[in-house]
Amino acid sequence: MSKTNPGRFFEDYAVGDVIEHAVPRTVSGGERAIYHALYPARHALYSSDEFARDCGLHEAPMDDLIAFHLVFGKTVPDISLNAVANLGYAEGRFIRPVFLGDTIRSASEVIGVKENSNGKTGVVWVRTTGTNQLGEDVLSYVRWVMVRKRDASSPAPTTVIPELADAVAAQDLLLHDDLNFDQYDFVQSGEPHRWADYAVGEKIDHVDRVTVEEVDHMLATRLWQNTAKVHFDTTARAGAPRLIYGGHVISLARALSFNGLANAQMILGINAGSHVAPLVAGDTVCAWSEVLDKAEIGRDGMAAIRLRLVAQKAEAEPLLLRNSDGKYADGVLLDFDYWALMPT
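Take 294 as the starting number for the sequence shown in my numbering and just add one per residue.
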């Protein structure tokens, strides 16, 4: 009997399966330091203990996407080691902040399967939940991946496609009990723009650009203990360049969005997300956002803003998401729809 793990193939998933993922990870200041070295991340709530204390927290929490990457990375050996592509996200909620010293683990429930018409691959939907050392949920989201079959002749499972909400309802967004913006410092946050200053339909060009290096994405992917072969092994893609982890693109675009959205301090929910096209080392990335919605959340001094975050290659047409035929425009890399928290 082999003691090594070849990863799961499409035939190995059944709706209702719950998979407990190895290995728990205790969060240290190293995660924050490396994260801020990899991305131009500057949101004040995550950068300064003093700023966070002025907002009612005992210290600066970890960036929300650090928590996302930690939870996501643990799922890779069981969910996407043999994936062709990570297709999308939905129903993501950041339930409570992750702080230094927290130990994070994750588990996934299979909620859907569908074999593709080629008979060689299938799509698997999972709902993944990250928990801390107290057993408290910190994050939950759905994602779906295209996974290779071990044997193309094996019978197709009964198709189950889950019904997913188009967006997380504003009333279902969660905040830390102590969080408040009564002493919010707009000078230290970097911009004066409040929730009230943004209009639905407004587009914001984040101006700045970053050329991605091979070492950046490999370091990031190792940091999150993501073992997907396409990110490390050039033989996995028949000599083609290594694919950059999609989460690297999300974090890069979110960090770039600081220029124009410095006060979108916390990610509260992920409504939808698509990795539209692959990214490889040497590509230069820029980003823009569109305001999709705004919502009161029952807290004085703060409210939620729904944003579409688009990452694209620098040579793409600025602020263009889709062509007249409805297809994504050339150069679009990421279409990411999320709720963020802002002072009013």
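Where hints are given, some of them may not hold.
Calculated lysine-lysine pairs in the DSS-like style (CA-CA distance at most 30 Å, straight line) [to be verified]: (1) Lys442 - Lys496; (2) Lys413 - Lys587; (3) Lys407 - Lys496; (4) Lys442 - Lys413; (5) Lys606 - Lys522; (6) Lys296 - Lys620; (7) Lys587 - Lys407.
For each label pair, taking beta carbons as the anchor points, the in silico distance ranges come out as [said to hold, decoys possible]: (8) Arg615 - Asp444: 24 to 32 Å; (9) Asn298 - Gly394: 47 to 55 Å; (10) Val508 - Gln464: 20 to 28 Å.
Simulated from the structure, these hints should not be mistaken for lab results. A quick note: this is a predicted structure, and the numbers were derived from the prediction, not measured. Ideal placement from N, C-alpha and C gives every residue a C-beta, glycine not left out.
Each hint, compared with the structure:
no.	hint	in the structure
1	Lys442 - Lys496	violated (42 Å)
2	Lys413 - Lys587	violated (43 Å)
3	Lys407 - Lys496	violated (36 Å)
4	Lys442 - Lys413	holds (5 Å)
5	Lys606 - Lys522	holds (24 Å)
6	Lys296 - Lys620	violated (45 Å)
7	Lys587 - Lys407	violated (35 Å)
8	Arg615 - Asp444: 24 to 32 Å	violated (38 Å)
9	Asn298 - Gly394: 47 to 55 Å	violated (30 Å)
10	Val508 - Gln464: 20 to 28 Å	violated (43 Å)
The structure is inconsistent with the numbered hints 1, 2, 3, 6, 7, 8, 9 and 10, although it conforms to all the rest.
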